[in-house]
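Number of protein chains: 2
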Amino acid sequence: MNKPTSALTLHVDLGDRSYPIFIGQSLLAEPELVARHVTGRRAAIVTNTTVGPLYLDKLKALLQAAGKQVTTVVLPDGEEEKNWASLMQVFDTLLAEKCDRKTTMIALGGGVIGDLTGFAAASYMRGVPFIQVPTTLLSQVDSSVGGKTGINHPLGKNMIGAFYQPQAVIADTTTLDTLPDRELSAGLAEVIKHGAIIDPAFFDWIEANINQLLARDPAALAYAIQRSCEIKADVVRQDEREGGLRAILNFGHTFGHAIEAGLGYGEWLHGEAVGCGMVMAADLSYRLGFIGAATSERMKSLVKAARLPVVAPDLGRDCWLDLMEVDKKNEGGQIKFILLKPLGASVIMPVPQDALLATLEACIR
Amino acid sequence: MNKPTSALTLHVDLGDRSYPIFIGQSLLAEPELVARHVTGRRAAIVTNTTVGPLYLDKLKALLQAAGKQVTTVVLPDGEEEKNWASLMQVFDTLLAEKCDRKTTMIALGGGVIGDLTGFAAASYMRGVPFIQVPTTLLSQVDSSVGGKTGINHPLGKNMIGAFYQPQAVIADTTTLDTLPDRELSAGLAEVIKHGAIIDPAFFDWIEANINQLLARDPAALAYAIQRSCEIKADVVRQDEREGGLRAILNFGHTFGHAIEAGLGYGEWLHGEAVGCGMVMAADLSYRLGFIGAATSERMKSLVKAARLPVVAPDLGRDCWLDLMEVDKKNEGGQIKFILLKPLGASVIMPVPQDALLATLEACIR
Chain A
1 MNKPTSALTL
11 HVDLGDRSYP
21 IFIGQSLLAE
31 PELVARHVTG
41 RRAAIVTNTT
51 VGPLYLDKLK
61 ALLQAAGKQV
71 TTVVLPDGEE
81 EKNWASLMQV
91 FDTLLAEKCD
101 RKTTMIALGG
111 GVIGDLTGFA
121 AASYMRGVPF
131 IQVPTTLLSQ
141 VDSSVGGKTG
151 INHPLGKNMI
161 GAFYQPQAVI
171 ADTTTLDTLP
181 DRELSAGLAE
191 VIKHGAIIDP
201 AFFDWIEANI
211 NQLLARDPAA
221 LAYAIQRSCE
231 IKADVVRQDE
241 REGGLRAILN
251 FGHTFGHAIE
261 AGLGYGEWLH
271 GEAVGCGMVM
281 AADLSYRLGF
291 IGAATSERMK
301 SLVKAARLPV
311 VAPDLGRDCW
321 LDLMEVDKKN
331 EGGQIKFILL
341 KPLGASVIMP
351 VPQDALLATL
361 EACIR
Chain B
366 MNKPTSALTL
376 HVDLGDRSYP
386 IFIGQSLLAE
396 PELVARHVTG
406 RRAAIVTNTT
416 VGPLYLDKLK
426 ALLQAAGKQV
436 TTVVLPDGEE
446 EKNWASLMQV
456 FDTLLAEKCD
466 RKTTMIALGG
476 GVIGDLTGFA
486 AASYMRGVPF
496 IQVPTTLLSQ
506 VDSSVGGKTG
516 INHPLGKNMI
526 GAFYQPQAVI
536 ADTTTLDTLP
546 DRELSAGLAE
556 VIKHGAIIDP
566 AFFDWIEANI
576 NQLLARDPAA
586 LAYAIQRSCE
596 IKADVVRQDE
606 REGGLRAILN
616 FGHTFGHAIE
626 AGLGYGEWLH
636 GEAVGCGMVM
646 AADLSYRLGF
656 IGAATSERMK
666 SLVKAARLPV
676 VAPDLGRDCW
686 LDLMEVDKKN
696 EGGQIKFILL
706 KPLGASVIMP
716 VPQDALLATL
726 EACIR
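Those sequence lines, one after another, are chains A and B. All letters in the first sequence, in the order written, are residues 1 to 365 by this note's numbering. All letters in the second sequence, in the order written, are residues 366 to 730 by this note's numbering.
Honestly, the hints are just simulated from the structure, not real lab data. All clues given are correct.
The list that follows gives simulated cross-link-like pairs (lysine-lysine, BS3-like), each with its CA atoms no further than 27 angstroms apart:
1. B:701 with A:102
2. B:467 with A:336
3. B:463 with A:336
4. A:98 with A:58
5. A:336 with B:433
6. B:701 with A:98
7. B:701 with A:68
Pair by pair, the computed Cβ-Cβ distance ranges are:
8. B:539 with A:243: 36 to 44 angstroms
9. B:713 with A:98: 18 to 26 angstroms
10. B:450 with A:65: 38 to 46 angstroms
11. B:584 with A:353: 58 to 66 angstroms
12. B:679 with A:98: 17 to 25 angstroms
13. A:215 with B:383: 50 to 58 angstroms
14. B:381 with A:267: 40 to 48 angstroms
Where a beta carbon is used, it is the ideal one built from N, C-alpha and C, also for glycine.
This is chain A alone, in the form it adopts within the complex (with noise of 0.2 angstroms):
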């Protein structure tokens, strides 16, 4: 009864939590691609004010016209809604509308609805099946991969959360033709970053390609999201619970969650922030030896050519230190850094504190 689909089907190997990633043009338009991976006959939509008026009806429908009866719960946007209010919101609907442990939780949006509604869906009545539709680029390319879910705290980002992988994901690429300029530059802050730290031949594709993929060519952006979801599948293939290697995906991230934070959420995107933290990350790889000048400054003209910020804000120097202690990599009382070394490559490590600094000093100017 299944429509053969165009997509592209990768898929991620974690043993019983296994998944498939379908990429590809118009697949919300497809009647069957969603439908057949909600296992129940009921399923809850989860999605915001911006992304609600573009797909949440015919998302509906396609689902109703399967048969599934199907609850939705549209939250305000933003990173700054990415906290325990929105997720109370999603439960009073959940209880409210009496859905079962077997309702399947769909994520409609990107990166915060991904996040919030993947935490909502492992830990409602202990756990429920759910489906990622991201529709931005940085949530088609990083967080509808690897099962990471959480919501903000407001002494930091994800500190509250859980490991729980998706029954598929479902990544339409035609819904990024409505995402704003700034939103697709800031998805492109992942894609630099899955080059820079594991795939120097893709880090070369990507500045060879930076003007298709900001000029949204379908076919430049449908191969950095395939190679993107390939690199973190891979890692996290490897490491599934961040005990080691994976890690390294928070390239640029350390730095990154203390601009989030100081600044205060929502006022950087998060790939803004991920993009001016890699600019941070080599500079200090740079002072430590492990990269050269010019690679240093290879990374930050991409960035900057993908549209990023590459100036820190001056948060004050006792503010970044602080904000950059809290965060979760920091085990047992240091801060760890991940580092390139070289282009291509990556270590996780602590650093001396005058080299830190000098990278601040340097990086906020």
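Fit chain B to the known structure of chain A by using the hints.
Below, chain B alone, put in the same frame as chain A:
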């Protein structure tokens, strides 16, 4: 370096999530038993205003003597405090004190503290290790085995949570000396349940020893705890995430949860509601012809002998049905009940409405 312990040790066999349960007198007086399960430098003890004054200083001193840095959180006591506000108080403290992801959380208290701390451990930075130190009979025989963690929602008990296994459970039976009589009886409800659903010989033993148990005879209590943990661990081993068999552990709980929610959490103790719920489930089993009238009476007599309520509160028929409908065991829109068929064995099934109404009618009088 570890002193040999006089504790009885059970192993809960869950593959790489296996853990030991230690049962015995004065275990909190042993210098190394708790500390050796704290693998990192830091521990965070969560307790309440009732248990804290009795055991917190002692446990904290033991851990500090073993070189651990100890954070403490003292929550208000009571089932009505098993909510998001208490959970946030834990997260607020952990983050304010910059606890890292290698911090071991320790639940020192009864089921509320255990469930809440377990969920905090499951969710803090997407999961940190935790140890259960149950100090009530109920938590020693029930909530410390099986990995169910969570908090209540105004619309339902334990609606938000996770399956998350501890590193170890340390059940110091000496802590039962300070337990109020009413809570001792509440714990016996779950002991009776374990006999009723799976082990008729244990049910006989409880009938024969109910007075020794109420008199807190140490040998009788130790055996009741041991056999309860064995039975529950065996069920959980076969069905960790409650896909099927494990649901039998909810015997009496569909009625019991309705009582707790209908009266407001904390009005009846959980064990009191389960005790009455078992009488109702036995009555329903009798009405469906699965057990005889004499067996239904045996259940009622034993629950009464344990000084637990056997007459259900009159919540009103519609309220009863509504409260049972939202129970987590309700799947696909149909209420399922765990019934005795016969005593010492159980079945899970939907029931005819008229039999259910007859049971409500009979048990509310």
